[in-house]
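Asker: Mind docking these for me? Both chains are given alone in their own frames, and the hints should help you get the complex.
Protein sequence lines correspond, in order, to chains W and A.
Under numbering that gives the first Met the number 0, the first residue of the first sequence is numbered 0, with each subsequent residue one higher.
Under numbering that gives the first Met the number 0, the first residue of the second sequence is numbered 0, with each subsequent residue one higher.
Take the hints with a grain of salt, since some may be wrong.
Which bits of chain W does chain A cover? Going by a derived footprint, with three or more residues having C-beta under 8 Å, they are [what the hints assert, rightly or not]:
1. 18-32
2. 36-43
3. 46-60
4. 94-107
5. 155-169
6. 173-185
7. 193-207
These are computed hints drawn from the structure, not numbers from a lab.
Here a beta-carbon is modelled for each residue, glycine too, at the ideal position from N, C-alpha and C.
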Amino acid sequence: MKRTIPAVIAGVSGTVMIIAFFIPPAQKWQQTAEIWFTILAAIAFLIGGTNLCLHHLKKVAHQQAGWGFSAVTLVAFLVTVFVGMTKWGVPAAEKFPDYAWSGNYLEEGGGLWWLYEYIMSPIIATMFSLLAFYVASAAFRAFRAKNVEAMLLLVTAFIVLLGRTYAGTVLTSWVPESMSALTFPGMTGVIMAVFTTAGQRAIMLGIALGIAAISLRIILGLDRSYLGSDKD
Amino acid sequence: MRSPKSEIRNPKKARNPKGKMWIPHVSNLPVWISFGFRISCFGFLCWTAFSTSSASATEVAPPTNLVVKDRPNDAANGLIVTWSLSPDDQPERAIQCEIFRQVDGGEWSSIAKVSAKNETFEDTNCEPGKKYRYRVVALGPEGATSPLAETAEPFQPIMQWVDTRRLWFGAIVAFVCGSVIVCTELAKRGASIYVRPIAALTALDEAVGRATEMGRPMLFVPGIMDLDQIETVAGLTVLSKVAKTAAEYDAALEVPTSRSLVMTAAQESCEAACLEAGRPESFNPDRIYYVTDEQFGYVAYVCGWMTREKPAACFFLGKFFAESLLLAETGNGVGAIQIAGTAEASQLPFFVAACDYTLLGEELFAASAYLSREPQQLGTLKGQDAGKVLATVLLLGGCLLATWTVFQPQGVAAEAYHYFREVILNKGGA
Numbered sequence: 000m001k002r003t004i005p006a007v008i009a010g011v012s013g014t015v016m017i018i019a020f021f022i023p024p025a026q027k028w029q030q031t032a033e034i035w036f037t038i039l040a041a042i043a044f045l046i047g048g049t050n051l052c053l054h055h056l057k058k059v060a061h062q063q064a065g066w067g068f069s070a071v072t073l074v075a076f077l078v079t080v081f082v083g084m085t086k087w088g089v090p091a092a093e094k095f096p097d098y099a100w101s102g103n104y105l106e107e108g109g110g111l112w113w114l115y116e117y118i119m120s121p122i123i124a125t126m127f128s129l130l131a132f133y134v135a136s137a138a139f140r141a142f143r144a145k146n147v148e149a150m151l152l153l154v155t156a157f158i159v160l161l162g163r164t165y166a167g168t169v170l171t172s173w174v175p176e177s178m179s180a181l182t183f184p185g186m187t188g189v190i191m192a193v194f195t196t197a198g199q200r201a202i203m204l205g206i207a208l209g210i211a212a213i214s215l216r217i218i219l220g221l222d223r224s225y226l227g228s229d230k231d
Numbered sequence: 000m001r002s003p004k005s006e007i008r009n010p011k012k013a014r015n016p017k018g019k020m021w022i023p024h025v026s027n028l029p030v031w032i033s034f035g036f037r038i039s040c041f042g043f044l045c046w047t048a049f050s051t052s053s054a055s056a057t058e059v060a061p062p063t064n065l066v067v068k069d070r071p072n073d074a075a076n077g078l079i080v081t082w083s084l085s086p087d088d089q090p091e092r093a094i095q096c097e098i099f100r101q102v103d104g105g106e107w108s109s110i111a112k113v114s115a116k117n118e119t120f121e122d123t124n125c126e127p128g129k130k131y132r133y134r135v136v137a138l139g140p141e142g143a144t145s146p147l148a149e150t151a152e153p154f155q156p157i158m159q160w161v162d163t164r165r166l167w168f169g170a171i172v173a174f175v176c177g178s179v180i181v182c183t184e185l186a187k188r189g190a191s192i193y194v195r196p197i198a199a200l201t202a203l204d205e206a207v208g209r210a211t212e213m214g215r216p217m218l219f220v221p222g223i224m225d226l227d228q229i230e231t232v233a234g235l236t237v238l239s240k241v242a243k244t245a246a247e248y249d250a251a252l253e254v255p256t257s258r259s260l261v262m263t264a265a266q267e268s269c270e271a272a273c274l275e276a277g278r279p280e281s282f283n284p285d286r287i288y289y290v291t292d293e294q295f296g297y298v299a300y301v302c303g304w305m306t307r308e309k310p311a312a313c314f315f316l317g318k319f320f321a322e323s324l325l326l327a328e329t330g331n332g333v334g335a336i337q338i339a340g341t342a343e344a345s346q347l348p349f350f351v352a353a354c355d356y357t358l359l360g361e362e363l364f365a366a367s368a369y370l371s372r373e374p375q376q377l378g379t380l381k382g383q384d385a386g387k388v389l390a391t392v393l394l395l396g397g398c399l400l401a402t403w404t405v406f407q408p409q410g411v412a413a414e415a416y417h418y419f420r421e422v423i424l425n426k427g428g429a
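Bound-form chain A, shown alone (with noise of 0.2 Å):
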C-alpha cells in the first residue's frame, strides 16, 4: 500500500491517470485561473534562469593562460597549476578560484578553494603514471562564478631520480663522510690519533666511585625523548659505559626512562654492560622502568627520587627541554656530582650553571669513541676536524664575499655572494 506523501516526492509517480503532470490543487481550479497560474510560473522561472546566467557570465572573469607544469625535485608525486587573475581579482572585491582535477579521463572533482590574488597552486597528491587534468574557477561574492579556465592536453607528473637543490649539500656530507672513514682507515693501520681530554668523561669513574663510597645511588637520565634522536642514542653509548663501571663497583644505577623503547634499549644495554665487566648478577632490570611519555610528569618522578634517595651521582646524558634545569637544580640541591650533556644548545647554559661536569653538543657525540679508545673510533673524530676546516673556509669565503659586495653590489662578487647564500648554503637542507 502506497502513501499520498510518497507519491507527489516521486515525479514519475506525480502523473494522472493520463500521463500528464498532476498539479496538486490547481487543477480543482476554473480553466483561466490554472492557465493563469501556470503562464505566472513560467515567466518567473524565465525570468530566474535569466538574471542567474546574465550575473554569471558579465560579474566575475575567468582567470586566463591556465598552465600545469611538473614539480621539480619530486618523485613524480606533484604538479604546479599557475594562471593569471581574473581582471575582477581587485583589493575591493575578494575573488576566490576553486580548482577542479580530472585523473585519467575520470570524474572531475573540487580539490582545492585559493584565496584571492593568488595565481599558483601546488598538487601533491599525485600519484606516478597517471595523467591529470585541471579547470580553475573564480568565484566571486555572493556566489557568482565565472565560465571554466580549463587545461587543453593532460599533463603527466615527472619522476627526477636526484634532487638537484640539495646537490651542494650532498657533496658537502660526501666530503666529511669521506674524511671520516679515511681518517678511520689510516688509525686502523696505525696512525698516532690525539684526541684533547674531556674532563666530563674522565670524570665519570670518579662520579662512579664516589657514589660506591658513599654506599648511594647513581641517576642515570637518557633525555625525554625516542629513539629516533641521534642524542639519545649517544646518551645511551654513555650508559653502557657507566653500568659497566658501576657493575664493576657494586654501585646501584637507576635509570628511569621517559620513552618505552628507551626503556628496553637501555636494560638491554645495561645487561650487556654487566655481562662485559663479568658481574651479570649486578644486572637488576627493576632499576631501569618507563616512568611516563609526559614532560613534567617523567620531571615530577625524577625530582621526587632524588628528593627521597639523594644520588650521589647523577647523569642527564641526552635530549633536553625545559626539564634541563629542574632536573639539574634538583640534583644540585642533594648534593650529587652531576654530568650533563645535550645537543640542544638553548639547554646548555642550565647544565653548564647547574652541574659539575657538562658535554658541549659535539662532545656528547664524541663520548662513545673517547671513552672506547678504540684507534677506528677515534679516527671518526679527526674526520670531523677536516668537516671544521671546510667550515673555517666557508665562513671566511662567505665574509670576504658579503663585504666586497657591500663595497660593489653589481658584479661578479655579487652574484658570486648570492649564489653562495642562495645555492650553496640556503637551500642545502631545504
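Looking at chain W on its own, in the form it has when it is part of the complex (with noise of 0.2 Å):
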C-alpha cells in the first residue's frame, strides 16, 4: 500500500499531463496538478529547514568533525530567518507610510536586501569564478594526445579556441576571402554548425525518447524503484 497509493498517483498526475497536452479543456487538470505539487513543495520546505536545523544541532551537539561549520550554518540560518520574518530595516510602502510593516521585504535598503547583496552575491560569484580554474584543469586532462581519438580532440580544440579569440583572425588574415573557410573563425564556424550540432541533436533525440519511455513505464506502474522497491 504504501508503494501503491504513490504509483497511482504519478500514473494519474502523468496521464492528466499528457490529455492537457492535446486537449485544451483539461488543462484546468493540469494546473491543479502544479498547484498541489506547489502545495507539496512548501511543506517540504518546512520538512527540509526543520531537517537543516537538526542535523547541524546534532553535529554540534556531539562536536563531530566540522562541528564548527555547523554552528555558522545554524546562525546564519537563523538571522536571516530573522531578518526577513521581521523585515528589518524595511522601509513602510508608499501607499501605507503609517504602516511600518507594509513594505516588501526584498526593498532596496532592508535588512534581507543588505545580507543577499552584501554577503550572498560576493559569495555566489566567487564560487562561480572558480570554474574558470576546473575549466582548465579539465581541459589539460582532457587534450592529452594518448591516442588517435585524444589527439583529434586536442587539434579540434585548438582550432575552437584560436577561433574564438581574435589571435585566431590575425593569424590567418593573410587567407584570401575566397577561402575563408580555412581561417580559424570559419573552421570554428563549421565545427560548431556542423559536428557539435549533429552530435548534440542525436543525444537531443536519445534523450526525447529514454523520456518517453521511462514515463511510460512510471505511468503504467512498471518501474516503481524510485519509491526504492519495485515490489509492493
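Answerer: See below:
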C-alpha cells in the first residue's frame, strides 16, 4: 500500500499532463496538479528547514568533525530567517506610510536585501569564478594526446579556442577572402555548426525517446524503483 | 458645526440662501465688473471646449475594420481582436491604441494599450460562457484621442476539444508509446531481449566495492532540481540500487540534497532499499539531508564535504547545470571513482572530462530498467528503438525533401518540404 498509492498518484498525474497537452479543456486539471505540487513543495520546504536545523544541531551537540561549519550555518540560517520575518530595516510602503511592516521584504535598503547584496551575492560570484580554474584543469587532462581520438580532440579544441579569440583572426588574416572557410574563425564556425550540432541533436533525440520510455514506465507502474523498491 | 471649507468644497452647499450659485468675492463687487467677469469666464470655457473637441476630432483618425475572432486551439479562454491601422499611424507620429472590453453587457474597462503599427491584440483573460465586446481608440501624441471603433455584436469564445496543431506530434507520441507497450508485452511472453552492456552501470558494484574495501564513505548527488524533473526521478532509481548494494556491503552512503522534496523521496528510497537488502539497520536517515536550494551554496557544501571526508566513490546522477564541473573536478581531485549521468547535453562534456564513467542522456533513463533486469522493463528499452527508426526515417525524408527543394524551389517537393517543416516538425511542440 505504501508504494501502491504513490505509484497511482504518479500514474494519474502523468496521464493528466499528457491529456492536457492535446486537449485544451483538460488544461485546468493540469493547473490543479501543478498547484498540488507547489503546495507539497512548500510543505516539504518546512520539513527541509527542520531537517537542516536538526542535522546541524546534532553535529554541534556531539562536536562531530566540522561542527564549527555547522554552527556558522545555524547562526546564518537563524539570522536570515529573523531579518526576513521581521522585515528588519525595510521602509514602509509608499501606499501605506503609517504601517511600518507594509514594505516589501526585499526592498532596497532593507536587512534581507543587504544580506543578499553584500554577503550572498559576492559568495556566489566567488564560487562561480572558481569554474574558470576547473575548466582549465579539466581541459588539461582531457587534451593529453594519448591516442588517435585524443589527438583529434586536441586539434579540434586548438582550432575552436583560436577561432574564438582575436589571435585566431590575426594569424589567418593572410588567407584570401575566397578561402575564408580555412581561417580559424571559419573552421570554428563549421565545427560548431555542423559537427557539434549534429552530435548534440543525436544525443537530444536519444534523451527525448528515453524520457518518453521512462515516463511510460512510471505512468503504467512498471517502474517503481524511485520509491525504493519495485515490490509492493 | 460646519466649517466654511467644507461648504465651498460641496457644490450643493456652495449656494446662497436663495438657491442661486454663489461666487465668492465676486458678488460683493460692482455689478458691471461682476457681469464682465462672468462673460469672460463663459467665453473662456466655450473656447476651451471647442478647441479640445476639434483637436480630438481632427488630429487622430480612428482605427477601422474592427473584428473579433476566436483564438484557435484553446479552452475558450482567448479572443483575437484585429483592426486596420488609423491613417494617422505614420512613421513620424507614434499612435498607440487603447483597447476597452465589456463583459456580458457590464461596465467598459481598459484592458491594454498596444504600440504603434500593431493591428492585433490577443485577449487571453476570457472565460468560457461569457460574451465580450471590444472598443479600440487611437491615442495620438499630446493626449489627442480618436473616436471609438466598436464591435457591433458581442462575441463568445469557443471551446476547442483538440489542439489541432499537435495532432502530428500526438501521432508520433502514439507510435513511440505503442511500440514501447508492444515490446513490453512481447517481453512478458518470453521474447528474448538483448540490451547492450552499459559500462557505467556495470561499474556501480565496482565503485561500492572499492568504497567498502577502502573504508571510506560514498557520495550520491541526485542533481539540483526538484522531483518534477524526470532526470531527478531517474537519479533516484539509481540511488535505490546503490543504497541496496551499499547496505549489502555495509558501506556508508551520504546523500546531501538541494531540494527538500527530493530529500524525503531519497530517504524513502534508501529505507526501502535497505529493507529489501535484508539490512534495515543499515539505514541511517542522518546521512540523507537537505542542504540548501541555492545552487552555489549547495556546491560549496558538497565540495567542502568531499575535501574533508575524501569519499571513495562519487555518483552524480540527475539534472545539473554549471555546478557539474565544480563537483566532478573536486571528486577527481580527492581520487574518488566517479560515475555521472545527466540529460543536459551542455554538461555532458564536463562529466566526460572529469569522471570515470558517464551515462550519456538516454542511458540515464535506461538505468532503472537495465539494473532491474526485468523482461518487461527491458522491453521498454527495445520500444525506444522503434522511435529511433522513426526519427531516422524522418531525418532522411527531411534531408531528401530539403535537397530536392534547393534544385526545384517551386512544385510538389517544395510544398511537401514546407508542410513537413512547418506543420509536422515545427508546430509539434508549440
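Asker: Indicate, hint by hint, whether the structure satisfies it.
Answerer: Right, here's what the structure says about each hint:
1. 18-32: holds (count 7)
2. 36-43: n = 4 at 8 Å, threshold three: holds.
3. 46-60: holds (count 7)
4. 94-107: The restraint on the region 94-107 of chain W is violated, since only 0 of its residues have a Cβ under 8 Å from chain A and three are required.
5. 155-169: violated (count 0)
6. 173-185: violated (count 0)
7. 193-207: As far as the region 193-207 of chain W goes, the hint holds, because 6 residues have Cβ atoms under 8 Å from chain A.
Hints 4, 5, 6 from the list above are not met by this structure, while the remaining hints are.
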